[in-house]
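**Student:** Okay, here's what each chain looks like letter by letter:
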Amino acid sequence: MQIQVNGEAIEVEPGRSIAKLLVQLQKQARYLAVERNGLLVPRSRHGEVALVEGDAIEIVTLVGGG
Amino acid sequence: MTNSSSPSELPLAADRPLRIGSHTFQSRLFVGTGKYSTYELMQACLAASGSEVITVAVRRERLIDKAGRSILDFIDLSKYTILPNTAGCFTAEEAIRVARLGREILSGLENPGANWVKLEVLGDAKTLLPDPIATVQATEQLVKEGFEVLVYSTDDPITAKRLKAVGAASVMPAGSPIGSGQGILNPNNIRICMEYLKDGDPDYPVIVDAGVGSASDVSFAMELGCDGVLLNTAIASATDPLKMAHAMRLATVAGRLSSQAGRIPRKLYATASSPETGTIAPLPR
Chain W
1 MQIQVNGEAI
11 EVEPGRSIAK
21 LLVQLQKQAR
31 YLAVERNGLL
41 VPRSRHGEVA
51 LVEGDAIEIV
61 TLVGGG
Chain C
1 MTNSSSPSEL
11 PLAADRPLRI
21 GSHTFQSRLF
31 VGTGKYSTYE
41 LMQACLAASG
51 SEVITVAVRR
61 ERLIDKAGRS
71 ILDFIDLSKY
81 TILPNTAGCF
91 TAEEAIRVAR
101 LGREILSGLE
111 NPGANWVKLE
121 VLGDAKTLLP
131 DPIATVQATE
141 QLVKEGFEVL
151 VYSTDDPITA
161 KRLKAVGAAS
171 VMPAGSPIGS
181 GQGILNPNNI
191 RICMEYLKDG
201 DPDYPVIVDA
211 GVGSASDVSF
221 AMELGCDGVL
231 LNTAIASATD
241 PLKMAHAMRL
251 ATVAGRLSSQ
261 AGRIPRKLYA
271 TASSPETGTI
281 APLPR
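Protein chains in written order, with this note's numbering: chain W, 1 to 66; chain C, 1 to 285.
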């Protein structure tokens with residue numbers, strides 16, 4: 001199935017968790033925060049939240065800023 | 001004078017710390033981490049500035065990252081309190097989402113900055129001036145969610161009062177537009193903001209955020225009685241950022257001391273510094 005991650009279409013297996021999505025993308029959760037359809041998914045729930053076709057995921061980190 | 005410190009020692013040790021919400025700092029300079037040419041230069045400038053608070057932004061993680069370096073690998077998280085901002089948000093909703101995301105990251109890193117946010121809700125991409133109505137709305141919501149909210153505002157005293165009324169931990173009026181380097185364009189508004197915000201609450205923190213161009217702007221803000229200054233571009237985009245970082249640290253201290261020392265009144269005419277008596281006689285003509 002297809003989901004949107006940071007505005008890009010990504011193919012994932014149906015029912016895949018956010019934790020597994022991060023592994024698929026080769027991302028360490030430590031410096032990241034994840035939002036699903038506009039709602040924050042706390043780190044403690046990355047393993048249990050299953051992705052659904054068409055989900056809009058935002059994966060963000062901290063960058064230089066003022 | 002009752003000052004017991006030695007003549008060469010700065011009387012800063014006697015100064016009360018800066019308190020914002022649950023946070024306490026000795027340094028009154030907050031610096032941003034944007035626009036540096038390298039992380040190494042940023043690191044050196046942060047150290048030279050003497051700041052204990054540094055701001056960062058929340059942005060999308062690059063899915064394919066060539067360099068793979070994170071700014072967080074160049075920041076001592078045990079030394080600095082990170083102040084995440086909501087820069088680039090043009091609605092209250094976006095800013096609230098970004099504040100939650102920043103808190104999530106900093107909670108995971110166990111940084112004390114996890115409970116606060118520098119709220120920016122911008123009204124316009126050209127001026128980057130805040131949208132005052134959306135800013136008040138976002139402040140109200142974030143306070144409800146337990147954030148200590150440091151609010152980037154215009155220098156309008158009425159907006160400042162509204163922000164404090166809805167629970168802002170600090171109101172941070174802009175000296176001039178972000179990155180403009182114009183300094184403090186309307187010191188009278190900043191003075192009125194402070195009068196209103198500190199009325200019956202003298203320790204309420206007011207921080208000038210944005211517009212600083214050089215060290216004298218920082219000293220001027222501190223001399224106005226502001227509790228601190230937040231800046232980024234003035235250091236990061238200076239010709240010699242490291243030298244400017246030192247200058248900003250000294251200017252903050254100089255302005256603070258000058259403010260506390262109490263300046264002389266301005267007078268139209270001169271007052272002699274040397275004795276007016278005992279001068280030698282004019283030659284007979």
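Since the hints were made in silico from the structure, they are not lab data.
One should not assume that every hint holds.
[What the hints assert, rightly or not] Partial chain C-side listing against chain W, Cβ under 10 Å, derived:
| id | residue |
| --- | --- |
| 1 | Arg162 |
| 2 | Ala236 |
| 3 | Ile264 |
| 4 | Leu268 |
[Claimed, not checked] Some but not every residue of chain W turned toward chain C, in silico, with C-beta under 8 Å:
| id | residue |
| --- | --- |
| 5 | Glu8 |
| 6 | Tyr31 |
| 7 | Arg36 |
[Said to hold, decoys possible] Straight line, CA to CA, 30 Å or less: simulated DSS-like cross-link-like pairs of lysine-lysine:
| id | chain 1 | residue 1 | chain 2 | residue 2 |
| --- | --- | --- | --- | --- |
| 8 | C | Lys79 | C | Lys243 |
| 9 | C | Lys243 | W | Lys27 |
| 10 | C | Lys267 | C | Lys243 |
| 11 | C | Lys243 | C | Lys35 |
| 12 | C | Lys243 | C | Lys144 |
| 13 | W | Lys27 | C | Lys79 |
Backbone N, C-alpha and C define an ideal beta-carbon position, used for all residues, glycine too.
**Student:** Run every hint past the structure and note whether it holds.
**Tutor:** So, going through the hints one by one against the coordinates:
{"no.": "1", "hint": "Arg162", "result": "24 Å, violated"}
{"no.": "2", "hint": "Ala236", "result": "8 Å, holds"}
{"no.": "3", "hint": "Ile264", "result": "35 Å, violated"}
{"no.": "4", "hint": "Leu268", "result": "41 Å, violated"}
{"no.": "5", "hint": "Glu8", "result": "6 Å, holds"}
{"no.": "6", "hint": "Tyr31", "result": "5 Å, holds"}
{"no.": "7", "hint": "Arg36", "result": "12 Å, violated"}
{"no.": "8", "hint": "C:Lys79 - C:Lys243", "result": "22 Å, holds"}
{"no.": "9", "hint": "C:Lys243 - W:Lys27", "result": "37 Å, violated"}
{"no.": "10", "hint": "C:Lys267 - C:Lys243", "result": "35 Å, violated"}
{"no.": "11", "hint": "C:Lys243 - C:Lys35", "result": "16 Å, holds"}
{"no.": "12", "hint": "C:Lys243 - C:Lys144", "result": "42 Å, violated"}
{"no.": "13", "hint": "W:Lys27 - C:Lys79", "result": "26 Å, holds"}
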